[in-house]
Amino acid sequence: MYRYDEYDQQIVDERVIQYRDQVRRRLAGELTEDEFLPLRLQNGLYMQVHGYMLRIAVPYGLISSKQMRMFAHIARKYDRGYGHFTTRQNIQFNWLRLEDTPAILADLASVEMHAIQTSGNCIRNITSDEYAGVAQDEVVDPRPYAEILRQWSTFHPEFAFLPRKFKIAISGGKEDRAAITAHDIGLSVTKNAQGEIGFRVLVGGGLGRTPIIGSEICDFVPWQHIVTYVESILRIYNQYGRRDNKYKARIKILVKALGIDEFRRQVEEDWAASKDGPGTLTAEELNRVASFFTDPDYESLTDHNSDLNEFKADNRSFSNWMQRNVKPHRIPGYAIVVLSLKKLGVAPGDATAEQMDKIADLAERYSFGELRITHKQNLVLADVKQADLINLWKEASASALATPNIGLLTDMISCPGAEFCTLANARSIPLAELIAERFDNLDFQHDIGDIELNISGCMNACGQNHIGNIGITGVEKKNHDEWYQVSIGGAKGNNSSIGKIIGPSFTFNQVPEAIDRLLQVYLRERVEAERFIDTVRRIGHEPFKEHVYATSFGTDQEEAADKKSVVPAQYSVPFYSPRF
Amino acid sequence: MKIIKNKVIVDDDWHVLRLNEQEAADNITVASGKIIVPLKVWLAQRETLQQRSDLGVWLSSDERPEALKNDLQRFSVIAVDFPKFADGRGYSVAYNLRVHLGYTGELRAIGDVLRDQLFYMQRVGFDAFAPRPDRHIEDALKGFSDFSEVYQASYDQKSPLFRRVQRKGRSAIG
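Protein sequence lines, in the order shown, are assigned to chains A and B. Residue numbering for the first sequence follows this note's numbering, beginning at 5 and increasing consecutively. Residue numbering for the second sequence follows this note's numbering, beginning at 100 and increasing consecutively.
One chain only, chain B, in its complex shape (with noise of 0.2 Å):
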């Protein structure tokens, strides 16, 4: 499978474990290999999972990255699931993950992941997007240009557009 990886698109053998509605996070058998659990399974079988060494885990989106706090360095990725991409929390996930909890590690955004959310995502912190596989990934990758510079700061850009240049006051724009 393709994904977007630093505005590249990559391939990518990571599988995602999504429970069924008969699956139970703590006797669900993860498979081996290179797997991306949901919190709810590494929060269940923790004993046994940390002893992996190629390990992710996703979080939903009401679920809160602080759960992860103390284990954070242990994963080879993090992954933020958009349930529909109108759903925003994500990206308040994602800040909070890279800002507040300081995970430096691969960001990656999954579920109903668009071309014209890929901006506002690459802002917030994910620098991996597994765009949703009926659509063009060629096609997402414009989504990271359509603009060229912001006003506000988020992890992308540290300082705000009036920190970073030197912007024109009335007597310069008369």
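Just chain A, same shape as in the assembly (with noise of 0.2 Å):
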């Protein structure tokens, strides 16, 4: 992975110095809440419902375990004990003061980390595909480029004050895993047909308030060219993007407001005067850069391994786990693993020091010292030899990292919610506890097979309710606190779309039940190996609404009490026995 040179750890220690300071002035009153306010968001520090919350910025994802081991000390010496992984790829603290904050910074800086524009209207952390380098549909690694995009964005000074927040995101996969067509700009690193390299580039895709998918503004940027075409993208956006309406201010709505046609014409002409100069990237730069994400010391090994399905013949759990956590790697005899943060009785993305200190050894031991954040508040060993498997699954096993449910039911993302967000109409993850909870039972959920299910506390959509196979949004009511939204129909990836709501909304309580009514008329309508998205595609929305609305709900306390199983009987084996 990327390391610092001197030039970059100076830039990261000098702004540990100026947010110091910055913090400094903020206490002796030198600095109104006001003026504080875009300082400390663009170092990723948030006053939220119990104190201060600080997100820590993971480049596209990529960590070491080094720094995740001091992930686990700012959990003990500055938070309660654990931290929360992102569906940003990023981890956040929820209990910091902010006295502690500038301390936290310069022991990021240590393990050449920070916190820069991880929030505020600026350039965020740029995402990425979790399997990048080792998929293996790769067709170009993405991550130099991300890296590249990365010092370039980092206190950009057009770009600091925008009219909002701005996410790139970077996939190189034929699969795109980083969901670009959902970012302000996504790019596909590609070939052409000479076998060149350059990026499609979809602009003013979003979820929030007004989910969009992305419009491609161009087919191919050649590479050399990328930073200045993106560049001359934001002076656009910054120019002309509305500043009146914080929930039009993004991106996407300017493209509508302009047509494609007309926003390509406008960057075409900034770009023209910035094409071929200074900023082009060169191939030396690009080669330095690519230097760090070239192959680790793979050895000679082949795919066949008679322990491994032998062992998988005699158990269960490690042949569900080898099903839904381990996914197939381009170089032969080793595997990617996907270390499940979503244990019931656990929020979706939260780990505790203790499992991140394991997590680092576990990367030590199986994966070159390297982990990945996924942008399911997942973890992922990508480089892990097959012949480990059944060892890094027992030691995942005993520290609750193996929950065989990856890409199923209770592989959820969920956002923080009403307990920790001021924006949050409504609780999160005690939702996503319930529905946990209901659909416990993993022969059922494997039965069910892919299905993402994602929950957003309000319509802002950090959840990305709008590209869950279902998804699930708190929304204002009168008289009630807590009511949902529920969608269906939305899908990330090179066949995304925006999910449609299927009616009246719920009760908290109610949820889990119009859930498991989705899931029936699935269960009755599917058709061979068909997922749950490929039904509702097929047949539409119309059966699923019918089925749902066709009875009525009890009340939210009815709901409440009647925590029936609804899984049916022949799951219910003594191994799978359900906890309620």
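None of these hints come from the bench; they were simulated from the model. You may find that some hints are simply not true.
In silico lysine to any residue, SDA-like type, Cα no more than 25 Å apart, as pairs [what the hints assert, rightly or not]:
no.	chain 1	residue 1	chain 2	residue 2
1	B	Lys183	A	Gln22
2	A	Lys250	A	Lys195
3	B	Lys241	A	Asp145
4	B	Lys183	A	Pro42
5	A	Lys195	A	Asp145
Beyond 12 Å from chain B on every Cβ pair, some chain A residues (computed) [unchecked claim]:
no.	residue
6	Gly212
7	Phe224
8	Leu262
Note that this is a predicted model, so its numbers are computed, not measured. Don't be surprised by glycine CBs; every beta carbon is placed ideally from N, CA and C.
Dock chain to chain to rebuild the complex, using the hints, since each chain is given by itself in its own frame.
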């Protein structure tokens, strides 16, 4: 992975000094809260329900075991012993004191980390494919470009006070695993017919109140020009994006207002002046950055491992884990392993300091000391020898990191929700918990198969509800604090789509029953190995809507009391006995 | 009044003309002396104003510098107003004036100009700053030296870091 040279280190160290002085001036009353607000936000510091929350940047989701241990240290020393991995591949700590934050940033700088631009109306941490460099379908490794764009965007003088936040995602596989269509700029690095590397550039995608799939602004920007091209997009947005209404300030609204053709014309007019200028990327710089992302010392192995198959046959837990949490690797004899942070009773994405230390330890012993954070709030060991899988599984299981549910119903995405976030209308984590409890039976989950259930506590959509196959959104309503809209048909990836709301909203305790009814329709209607999303697309929303609302729901209290198991009898084998 | 010019505090006798709601750009009387007029006033009273030798013009954050395209050299100073420090349009206005339109005279940041934004402002081409009068101008000077190195090109630094220095690859870091 990328390592700092003296320039990177100096810039991050100077940021710590600058920020420490800003905090001092705030505490001394020399800065008003209004003036301090954007400064602290651009250092990832939010004031939340309980106190300060710090979001730390994990550039394109890639970290070392040493950095993971630093998270554990921060969790113990400054927080309440745990941290929360986010959908944007970062980590946040929820229980901090303002006075401690300069010291935390200094600790982070000592392991080449920071919280720069993890919030605020600026270019945010760039996200990427969690399987970059190891995926079988990879066309071009996106990581060197992600790092180059990270450096370009860091303290960019022109774009620190944009109309609104700005998110860039970059993917390099045939399958898009970085949700590039749902970003302000989505980049797909690819090769043209001549084998030259360049980018398909999407602009104006996003979730939030106005979910929109990004539009293609250019089908191929040669790699040398990607930085100047992106800069021109930002320059047009900075000048003409709306600033009168926070909810209409994202670039998607500007692109929609101008139309993609006019927006493109303006970008290209600006770009004409900088194209081929000094901002143009050089082969030397690309090669320098790419040198950090060359292959680790893989052994020459083959894919066959009879021990593995034998163990699999004898052990259903391991077999389930192999099926869901282990992904194919482009190098024979290796595998990608996803450590699940979605265990019943734990908020999605939460990890304790002890788990972080253990995860760092596993990374060192099994995966060249590196880790990735996924947009689904799990962790990845990208380079595990297949021969090590049994031992790794045993160790991960002992630390509650091997729930075999990756891509299944309980591998939910959830935002922190109303207990933590001042924007939220409703709680998210307890709802995720309630749903996880209702559908705890793993055999049932495995039968349902691939499904994405995403929960947001409000329409700002941090939980990516719009691109969940089932999306749940906390909405404001009179007389009751917590109501939830349910949508179906959303998806990320190459065939991404925005979900549609099925009908009137539900109370907190009604939501699991509503999901259950959706699943009943799926089980009734699915053909062959059809996934939930495929069934929705084939038969449309109506059958789902009809069944969900055909019979009335109990009141919130009745549903709460009536926590019946709806898991069909054939799944109720003792090995997976439901917990309720 | 004191302003910062080329990172030094200097006395300044320019007056910034701001119209109130009752005043119209086409009939406001522009006093004599060193005065920085709104773009609207310049455009409305160009015929008479172009006679003056010591005139400045200021742009609000939603105005386009292209409006001054053929007149840039007439002004002793061009200012860009920051109605709120969090309104970042002025950065691109300044960059466009310098880079796209080739303006080389004094470029002044006016309005809600605060210490913590000066580093960015100087990078995009501002060389004069009128910090908000309720703040210590000496303090504001510290804002220029927050960082000693930058990654990306802008007006102050025409080349990105990777073109200016020898940076280390993996083999040199170990």
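Going down the list of hints, with the structure as the test:
no. : hint                : in the structure
1   : B:Lys183 / A:Gln22  : 22 Å, holds
2   : A:Lys250 / A:Lys195 : 38 Å, violated
3   : B:Lys241 / A:Asp145 : 41 Å, violated
4   : B:Lys183 / A:Pro42  : 12 Å, holds
5   : A:Lys195 / A:Asp145 : 11 Å, holds
6   : Gly212              : 20 Å, holds
7   : Phe224              : 23 Å, holds
8   : Leu262              : 15 Å, holds
Of the numbered hints given earlier, the model fails hints 2 and 3; all others are met.
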